[in-house]
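Residue numbers (our numbering), protein chains in the order written: chain A, 1 to 131; chain B, 1 to 141.
Hints were generated in silico from the structure; no laboratory data involved.
Even glycine gets a Cβ: it sits at the ideal position worked out from N, Cα and C.
A few of these clues could be false.
[Unchecked claim] Straight-line Cα separation of at most 25 Å, PhoX-like style, residue types lysine-lysine; simulated pairs:
{"#": "1", "chain 1": "A", "residue 1": "Lys71", "chain 2": "B", "residue 2": "Lys88"}
{"#": "2", "chain 1": "B", "residue 1": "Lys29", "chain 2": "B", "residue 2": "Lys88"}
{"#": "3", "chain 1": "B", "residue 1": "Lys88", "chain 2": "B", "residue 2": "Lys123"}
{"#": "4", "chain 1": "B", "residue 1": "Lys29", "chain 2": "B", "residue 2": "Lys95"}
{"#": "5", "chain 1": "B", "residue 1": "Lys88", "chain 2": "B", "residue 2": "Lys71"}
{"#": "6", "chain 1": "A", "residue 1": "Lys36", "chain 2": "A", "residue 2": "Lys71"}
{"#": "7", "chain 1": "B", "residue 1": "Lys95", "chain 2": "A", "residue 2": "Lys36"}
{"#": "8", "chain 1": "B", "residue 1": "Lys88", "chain 2": "B", "residue 2": "Lys35"}
{"#": "9", "chain 1": "B", "residue 1": "Lys71", "chain 2": "B", "residue 2": "Lys123"}
{"#": "10", "chain 1": "B", "residue 1": "Lys29", "chain 2": "A", "residue 2": "Lys71"}
{"#": "11", "chain 1": "B", "residue 1": "Lys95", "chain 2": "B", "residue 2": "Lys123"}
{"#": "12", "chain 1": "B", "residue 1": "Lys123", "chain 2": "A", "residue 2": "Lys36"}
{"#": "13", "chain 1": "B", "residue 1": "Lys71", "chain 2": "A", "residue 2": "Lys36"}
{"#": "14", "chain 1": "B", "residue 1": "Lys35", "chain 2": "B", "residue 2": "Lys71"}
{"#": "15", "chain 1": "B", "residue 1": "Lys71", "chain 2": "B", "residue 2": "Lys95"}
[What the hints assert, rightly or not] Derived Cβ-Cβ restraints for the label pairs, each shown as a range:
{"#": "16", "chain 1": "B", "residue 1": "Asn67", "chain 2": "A", "residue 2": "Val18", "range": "54 to 62 Å"}
{"#": "17", "chain 1": "A", "residue 1": "Thr69", "chain 2": "B", "residue 2": "Glu121", "range": "36 to 44 Å"}
{"#": "18", "chain 1": "B", "residue 1": "Ala62", "chain 2": "A", "residue 2": "Val49", "range": "30 to 38 Å"}
{"#": "19", "chain 1": "B", "residue 1": "Ser84", "chain 2": "A", "residue 2": "Val49", "range": "50 to 58 Å"}
{"#": "20", "chain 1": "B", "residue 1": "Val98", "chain 2": "A", "residue 2": "Gly105", "range": "29 to 37 Å"}
{"#": "21", "chain 1": "B", "residue 1": "Lys123", "chain 2": "A", "residue 2": "Glu99", "range": "28 to 36 Å"}
{"#": "22", "chain 1": "A", "residue 1": "Val106", "chain 2": "B", "residue 2": "Gly118", "range": "49 to 57 Å"}
{"#": "23", "chain 1": "A", "residue 1": "Tyr95", "chain 2": "B", "residue 2": "Gln124", "range": "52 to 60 Å"}
{"#": "24", "chain 1": "B", "residue 1": "Ala62", "chain 2": "A", "residue 2": "Glu89", "range": "34 to 42 Å"}
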Amino acid sequence: MAKDATSGATSLVSRPMVIEGEISGDENLHVDGRVKGIIRLTGDLFVGVGGVVEAEIDARNVIIQGTVTGKVLARRQLEVQPSGRFNGECTAASYEIREGAVFEGVSRMITSAQPDNLTPAPSAQKSNNQP
Amino acid sequence: MGLFAKDKTSAAPETGERGGGETSFFGAKLMVKGKVSGGGNLIVMGKLEGEFDLNGELVVAASALVNGEAKTVSVTVSGGFSGSLTAKQRIQLEKGAVVSGRLQAPNLSVADGAVLNGEIEMKQPSEGKPAAGDPARKQKK
């Protein structure tokens, strides 16, 4: 499983919390609540059971136990665990989709020929009222 | 406590608290912009910008910088806050806090060494007890 402890800490969006907007930084993020908007991390994104993420995502590893909808760039790996649901478009260097998981949408692989610094999707897809 | 199922599946190394569950934590290297709402407590160590409507306690740690409009049950600030802060119960400014803007709460405490510039409104809860001798207004630099 593509997981190595990042240098950084892990931030947590707990179950009752809802975030609409943009989350970015050099950390891992664990989402048990709801996030809508944009997530850009140099660390890993972990969506726990019950977590719902509707976002444009750029992270190192993306591990899904809950529900993720949107456009995902997983620079290392996208992992959808048996309780997980992914719906959207994903670009990743590798995939791990467990039996029971749902993956609906488009998948693209990052090949070794591609530079590591893929540009994240050019614009926010919707729904955030940035100043 | 302690009986909550803690899933031990991969990732998220130190989320030991998640069983107890309802405290969110934004680390020092995380920046959040937008609207944050819902229940539970929130500890902020990084940057936070936007609108917050929390049904719990907000803790703005010393390293944090929060900018925007916050409505919570109670707030403890040790870092930077600018904007409007409304708490149903209490606002507590610790040493090192740098706060500017508008504060509204029935209880306010300001520690020596906190910087507070702005407007304060203290509304007592209608049937509530008096605000335990908290200073009504303070201006420090």
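Here is how each hint holds up against the structure:
1. For a cut-off of 25 Å, the pair hint linking Lys71/A to Lys88/B is broken: about 39 Å separates their Cα positions.
2. For the proposed pair Lys29/B and Lys88/B, the alpha carbon gap of about 29 Å is over 25 Å, so the pair is violated.
3. This hinted pair checks out: Lys88/B and Lys123/B have alpha carbons roughly 9 Å apart, not beyond 25 Å.
4. For the given pair, Lys29/B sits about 22 Å from Lys95/B by alpha-carbon distance, which is consistent with the 25 Å threshold.
5. Using a Cα cut-off of 25 Å, the hinted pair Lys88/B and Lys71/B holds, with the two alpha carbons roughly 8 Å apart.
6. Under the criterion of a C-alpha separation no larger than 25 Å, the hint pairing Lys36/A with Lys71/A is consistent with the structure, at around 12 Å.
7. This hinted pair does not check out: Lys95/B and Lys36/A have alpha carbons roughly 35 Å apart, beyond 25 Å.
8. Only pairs whose Cα atoms come within 25 Å are accepted, and Lys88/B paired with Lys35/B is accepted, the gap being roughly 19 Å.
9. For the hint pairing Lys71/B with Lys123/B, the CA-to-CA distance comes to about 14 Å; that is within 25 Å, so the pair holds.
10. For a cut-off of 25 Å, the pair hint linking Lys29/B to Lys71/A stands: about 23 Å separates their Cα positions.
11. Among the hinted pairs, Lys95/B with Lys123/B is consistent with the structure: their alpha-carbon atoms are about 24 Å apart, no more than 25 Å.
12. Between Lys123/B and Lys36/A the alpha-carbon distance is near 35 Å, which puts this suggested pair outside the 25 Å criterion.
13. Taken as a hint, the Lys71/B and Lys36/A pair is honoured in the structure, with Cα atoms around 20 Å apart against an allowance of 25 Å.
14. Pair hint Lys35/B plus Lys71/B holds up; C-alpha atoms about 12 Å apart against a cutoff of 25 Å.
15. Between Lys71/B and Lys95/B the alpha-carbon distance is near 22 Å, which keeps this suggested pair within the 25 Å criterion.
16. Range check, Asn67/B to Val18/A: about 19 Å between beta-carbon atoms, so the 54 to 62 Å window is missed.
17. Take Thr69/A and Glu121/B: their Cβ atoms lie about 42 Å apart, and the range 36 to 44 Å holds.
18. Taking 30 to 38 Å as the suggested C-beta distance range, the pair Ala62/B and Val49/A conforms, at roughly 33 Å.
19. A beta carbon spacing of about 36 Å between Ser84/B and Val49/A contradicts the range 50 to 58 Å that was offered as a hint.
20. The given range of 29 to 37 Å is broken by Val98/B and Gly105/A, whose C-beta atoms sit roughly 46 Å from each other.
21. Against the hinted window of 28 to 36 Å, the Cβ-Cβ separation of Lys123/B and Glu99/A comes to about 57 Å, which falls outside the hint.
22. Our hint of 49 to 57 Å for Val106/A and Gly118/B holds, since their Cβ atoms are close to 50 Å apart.
23. Distance hint check for Tyr95/A and Gln124/B: the Cβ-Cβ separation is about 58 Å, which falls inside the suggested range of 52 to 60 Å.
24. Distance hint check for Ala62/B and Glu89/A: the Cβ-Cβ separation is about 40 Å, which falls inside the suggested range of 34 to 42 Å.
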